[in-house]
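Participant: Which chain is which? The protein sequence lines are A and B, in order.
Using this note's numbering, the letters of the first sequence correspond one by one to residues 85 to 202.
Using this note's numbering, the letters of the second sequence correspond one by one to residues 39 to 147.
No lab work stands behind these hints: they were computed from the structure.
Treat the hints with care, since some could be wrong.
Mimicking DSS-like on lysine-lysine, the simulated pairs with C-alpha atoms at most 27 Å apart in a straight line are [claimed, not checked]:
| no. | chain 1 | residue 1 | chain 2 | residue 2 |
| --- | --- | --- | --- | --- |
| 1 | B | 114 | B | 134 |
| 2 | A | 152 | A | 162 |
| 3 | A | 152 | A | 108 |
| 4 | A | 108 | B | 114 |
| 5 | B | 114 | A | 152 |
| 6 | B | 106 | A | 162 |
| 7 | B | 119 | B | 106 |
Values in this document were obtained by computation on a predicted structure and should not be read as measured data.
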Amino acid sequence: DAGVIQSPRHEVTEMGQEVTLRCKPISGHDYLFWYRQTMMRGLELLIYFNNNVPIDDSGMPEDRFSAKMPNASFSTLKIQPSEPRDSAVYFCASSETEVPPKGNNEQFFGPGTRLTVL
Amino acid sequence: GQNIDQPTEMTATEGAIVQINCTYQTSGFNGLFWYQQHAGEAPTFLSYNVLDGLEEKGRFSSFLSRSKGYSYLLLKELQMKDSASYLCAVISGTYKYIFGTGTRLKVLA
């Protein structure tokens with residue numbers, strides 16, 4: 085398996101532009117997670133899906149952020165309009181199960197998208 | 039509030055043993071993870087604890103005490119490649135995933 089695939093790997097954009105980040109989870113994984121990582125705040129969970137349905141989006145910072153999962157093999161995270169404070173590395177992760185006792189809940193992370201908003 | 043505390047940085051010598059501590063305060067508890075993250079790379083899974091006690095996996099062990107809200111990651115026979123950040127993460131009672139800001143470990147020759 086190729087693992088979790090994210091695109092683009094790097095994105096540089098100007099304030100006010102729309103940004104779309106893409107993720108392909110590992111085939112057969114029912115859970116998909118979007119994270120944001122910055123030096124100041126560490127790794128923060130933004131939203132996660134189970135079987136393509138959003139379960140918890142309480143980490144989404146504001147209405148400028150939206151996420152979709154139209155099918156089991158694809159998800160997007162959109163920022164519109166983007167702001168300089170959105171600059172961060174955005175990770176997508178997938179796992180087979182969510183919580184015990186069904187499994188060990190290992191999440192497999194993609195390589196991340198480094199977003200810079202000027 | 040919900041909080042996870044880890045030391046920001048630690049330094050140790052190749053071949054030594056190091057213990058990275060993590061304390062947490064969350065609304066309920068459904069498990070604790072440790073992840074390793076090398077600079078510029080994605081986090082990778084190290085361990086998962088949901089019951090009290092020690093889980094051993096090769097050179098790495100993870101301990102959990104739920105009553106104390108405390109965990110540690112023990113790394114033995116340190117190697118240069120163990121230089122990385124180590125992230126402690128907790129699943130709260132409402133299945134929220136909360137990560138600490140990580141401990142940067144530097145292994146010196």
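Participant: Evaluate each hint against the coordinates.
Facilitator: Outcome of the hint check:
{"no.": "1", "hint": "B:114 to B:134", "in the structure": "31 Å, violated"}
{"no.": "2", "hint": "A:152 to A:162", "in the structure": "9 Å, holds"}
{"no.": "3", "hint": "A:152 to A:108", "in the structure": "12 Å, holds"}
{"no.": "4", "hint": "A:108 to B:114", "in the structure": "36 Å, violated"}
{"no.": "5", "hint": "B:114 to A:152", "in the structure": "42 Å, violated"}
{"no.": "6", "hint": "B:106 to A:162", "in the structure": "40 Å, violated"}
{"no.": "7", "hint": "B:119 to B:106", "in the structure": "31 Å, violated"}
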